[in-house]
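These protein sequence lines map, in sequence, to chains C and P.
Everything in the first sequence is counted per the working numbering, starting at 11 for the first residue and increasing by one.
Everything in the second sequence is counted per the working numbering, starting at 11 for the first residue and increasing by one.
Check the hints yourself; a few may be wrong.
Identical copies carry no separate label here, and so any pair may be met within one copy or between two of them.
[Stated by the list, open to error] Below are the DSS-like pairs computed for lysine-lysine, each with C-alpha atoms no more than 25 Å apart in a straight line: (1) Lys-113 / Lys-56; (2) Lys-79 / Lys-56; (3) Lys-58 / Lys-32; (4) Lys-113 / Lys-79; (5) Lys-56 / Lys-32; (6) Lys-113 / Lys-96; (7) Lys-88 / Lys-56; (8) Lys-113 / Lys-132; (9) Lys-96 / Lys-79; (10) Lys-32 / Lys-96; (11) Lys-79 / Lys-58; (12) Lys-132 / Lys-96; (13) Lys-88 / Lys-58.
If you're looking for bench data, these hints aren't it; they were derived computationally from the structure.
Quantities reported herein were computed from a predicted structural model and do not represent experimental measurements.
Number of protein chains: 2
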Amino acid sequence: MKETHSRSDCPINYLVELLGDKWSLLILRDMLLTGKTAYGDFLTSKEKIATNILASRLVSLEQAGLIAKARDPANHRKYIYSLTDKGLDLAPLFVEIVLWSGKYHHVPPEREAMLRMARTQKRSLIQAIRTGEQQETQF
Amino acid sequence: MKETHSRSDCPINYLVELLGDKWSLLILRDMLLTGKTAYGDFLTSKEKIATNILASRLVSLEQAGLIAKARDPANHRKYIYSLTDKGLDLAPLFVEIVLWSGKYHHVPPEREAMLRMARTQKRSLIQAIRTGEQQETQF
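With the hints as extra help, turn the sequences into a complete structure.
Here is the structure:
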């Protein structure tokens, strides 16, 4: 895990330094909420991440200990990416983002069920996200 | 409130587009967790934001409806900044960030009390942050 110079020892700043950009949280979203594991799958998300940015962010996320990279057992020329415990432990944060955005922004119809669950059964939703039971094909 | 073209209708992307940078969450932290309201006070935070970046982010946060700007009644040549309900409603998100960073990163001694409260009395902490009862001089 790379240790770089921090601007401060503030816990908020810690997250901002790791994830404060336009893409890192979206890659983690794809892994956590849609179960994507392959490089090519991240490229298909709606926000259209560029391949060089994706490659660079995957390295940063791995260095930060949020994701792990391994050879795909089904195809040894490929890699699969998975969340570490540190990455999975962002599930409550993602649920709060869904709740906040759900209050202040248009929610697409296919997200309404998750928003309802976040409002009424937050703890169960977090658990289902962590275990991969709550996944969407696209987010 | 400015409406710009969004990359997608995803609720996670909504937050990333508004706050996915190296400074916006720190400015909101200063308002929410330390009660800062004045331009000059944001400049004194440990991460040392540059004045041009601060000015630009304050405009973005105001356009996004997260903060409001008003003349300081005590000095009409100055402005004070305050959080809107939309900004205050980020309190649960900040508490989750504190919890996550507290688990995976060094916590400075002066943050331990808040971390303990986040772990054992999350709901009370969120309420105290919203009402301004839980504030630090520096974060």
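Verification of the supplied hints:
Taking CA atoms no more than 25 Å apart as the test, Lys-113 paired with Lys-56 passes inside one copy only; the shortest distance there is 22 Å, against 32 Å between copies. Within a single copy, Lys-79 and Lys-56 get their C-alpha atoms as close as 23 Å, which meets the 25 Å cut-off; across copies the closest is 34 Å, which misses it. Both within a single protomer and between protomers do Lys-58 and Lys-32 lie at most 25 Å apart by alpha-carbon distance, with minima of 12 Å and 22 Å respectively. Proximity of Lys-113 to Lys-79 under the C-alpha cut-off of 25 Å is restricted to the inter-copy arrangement: shortest distance 22 Å between copies versus 35 Å within a copy.
For a Cα distance limit of 25 Å, the shortest separation of Lys-56 from Lys-32 qualifies both inside one copy, at 14 Å, and across copies, at 23 Å. With identical chains, the CA atoms of Lys-113 and Lys-96 are at most 25 Å apart between copies only, with a shortest distance of 9 Å across copies and 27 Å within one. Only within a single protomer do Lys-88 and Lys-56 lie at most 25 Å apart by alpha-carbon distance; the minimum there is 23 Å, versus 43 Å between protomers. For the identical chains of this complex, Lys-113 and Lys-132 are neighbours both inside a copy (15 Å) and across copies (20 Å), given an alpha-carbon limit of 25 Å.
Within a single copy, Lys-96 and Lys-79 get their C-alpha atoms as close as 14 Å, which meets the 25 Å cut-off; across copies the closest is 37 Å, which misses it. Taking identical chains as interchangeable, the C-alpha atoms of Lys-32 and Lys-96 lie at most 25 Å apart whether they share a chain (20 Å) or sit on different chains (21 Å). Taking the shortest alpha-carbon separations for Lys-79 and Lys-58, only the intra-copy value of 22 Å comes in at or below 25 Å, while the best inter-copy value is 35 Å. When the C-alpha separation of Lys-132 and Lys-96 is checked against a cutoff of 25 Å, the pair qualifies both within a copy, at 20 Å, and between copies, at 20 Å.
Proximity of Lys-88 to Lys-58 under the C-alpha cut-off of 25 Å is restricted to the intra-copy arrangement: shortest distance 21 Å within a copy versus 42 Å between copies.
Hint compliance for this structure: every hint is met.
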